[in-house]
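Position chain B against the provided structure of chain A, taking the given hints into account.
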Amino acid sequence: MTYDKRLDGRKADETRPIEAKVGVVKNADGSAMFKIGSTVAYAAVYGPREMYPRFQQNPQKGVLRCNYNMMPFSGHGNRVRPGPNRRSKEIGMVTEKALLPVIDLSKFPNAVVDVFIELPQTDAGTRCAGICAASMALADAGIIMKDLVASVAVGSVDHSIIADLNYDEEAYEDGPVADIPVAILPNSGKVTLLQMDGELSREELKKSLELSKKVCKDIYEVQKKALKAKFEVESK
Amino acid sequence: MSELLVKEKQVTVPGEVLAEGMDYLPGNNTYREGEKIFSSKLGLASVDGRAIKLIPLSGKYLPKEGDTIIAEVIDILMSGWRVDTGSAYSAMLNMKEATSEFIQKGADLTKYYDFGDHIVCKITQVTSQMLIDVSMRGPGLRKLTGGRIIRANPNKVPRIIGKKGSMVSMIKDATGCRITVGQNGVIWLQGEDPNMELLAVKTMRKIESESHISGLTDRIKSFLEKETGKKISAKEGEKNDVR
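Same order as they appear, the protein sequences are chains A and B.
Under my numbering, the first residue of the first sequence carries the number 1, and numbering increases by one thereafter.
Under my numbering, the first residue of the second sequence carries the number 1001, and numbering increases by one thereafter.
Just chain A, with the same shape it has in the complex:
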């Protein structure tokens, strides 16, 4: 048996419906919402501002600090225990590493740019939604950036390559599942996040990555549109 018909009826290379909005948190220096299917990520950027604790300051350039948080009611029925845990710390770190190559903080020694990613509703692909939202929020905050970052999870479910897995697909039981979150810089095609969970062949990995490039291009267009839309709304 192969997985040729997806559980929610999407095409293999089709993502869930995407919605993006910039400027959702008025108090923040920059903010964005990124929604893909029923996964919703909000990102708020504060800074550059003074860094505390002081021993973490870097006198050579500014520091990027990302905080990833799933809200207690966000998951699939079970309450997510609030507060930082091993998983959220790791995702905060990989988010930082996915965003750092594009941002330039050399003009802000000893300062910090704080990125807070909150997930009120999750259905797989949260770190990718978080990265997409964070990159838009950073742009909105006026940080010097080389490029935006687009991110998506691709993978193989029972040997068929599909884009943007949802929770049911990640938990598919009748065959091997692999889930690969990827972040790509749309202009250069460089990869800033690549993780893999599950089992898949070399061929499948190659195919998945090809697919992720295409999907990230589409996500980039959505991000671009959302950033520009902020200023069109204000003109009315």
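Note that these hints are calculated values from the structure, not bench results.
Below, simulated DSBU-like cross-link-like pairs (lysine-lysine); rule was C-alpha separation at most 30 Å, straight line:
| no. | chain 1 | residue 1 | chain 2 | residue 2 |
| --- | --- | --- | --- | --- |
| 1 | B | 1226 | B | 1202 |
| 2 | A | 213 | A | 228 |
| 3 | B | 1007 | A | 230 |
| 4 | B | 1202 | A | 225 |
| 5 | B | 1221 | A | 230 |
| 6 | B | 1164 | B | 1122 |
| 7 | B | 1007 | A | 225 |
| 8 | A | 61 | B | 1156 |
| 9 | A | 207 | A | 5 |
| 10 | B | 1053 | A | 21 |
| 11 | B | 1206 | A | 228 |
| 12 | B | 1053 | A | 230 |
| 13 | B | 1007 | B | 1206 |
| 14 | A | 97 | A | 230 |
| 15 | A | 89 | A | 217 |
Quick list of simulated restraints, FRET-style, between CB atoms:
| no. | chain 1 | residue 1 | chain 2 | residue 2 | range |
| --- | --- | --- | --- | --- | --- |
| 16 | B | 1149 | A | 50 | 14 to 22 Å |
| 17 | B | 1007 | A | 158 | 44 to 52 Å |
| 18 | A | 55 | B | 1028 | 29 to 37 Å |
| 19 | A | 75 | B | 1022 | 51 to 59 Å |
| 20 | B | 1065 | A | 188 | 33 to 41 Å |
| 21 | B | 1225 | A | 79 | 54 to 62 Å |
| 22 | B | 1149 | A | 19 | 31 to 39 Å |
| 23 | A | 83 | B | 1139 | 52 to 60 Å |
Even glycine gets a Cβ: it sits at the ideal position worked out from N, Cα and C.
For chain B alone, coordinates are given in the frame of chain A:
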């Protein structure tokens, strides 16, 4: 063959290609990679001859030498005051630079500037490590008493001030408020009539959100005329507010 890919005053996002080919030069907030010129901030593209630059739409204030800012006293030290500049870095106001009076050794410095006081000061020095010195010596530099403080986007300060101060003097004339605009986006205003004060705040918020659309001066003028019911005479050089 060089090609320009954006229109004047078009909103661009980081990483967007502004132009292709070597005939164009990258200006502020842009960078070149290979043959292409990319945007490195969220901003409005502006072409000046061969150079392409970007006018940022957002971002925190970056302290610059010679800027007059409105700062808040946050700490009192042995030799002066530490003030919040609205940027990522606080500034130092030295006792020597604070007043023309003689300050006795060991005097209570809160008598001059207390915690939470807002002062109009000038940035005299910014080092590469962003250590900032400010001074109170100069015309118009003073402690602010009364009135209200609002915080605007520092990137919109040139729009709020207008060409040679035309915009802010228009608001002053229409509302009768006293207004001081700091380069860091902190604005102080004081008016006889609270309603007029509120109108001035509303006008500035309007400028902040609409400044990237052309015809700003005319819109603000008619807005003020409608709200106050007075006729406002436009001054020279107000029409084109692109800078």
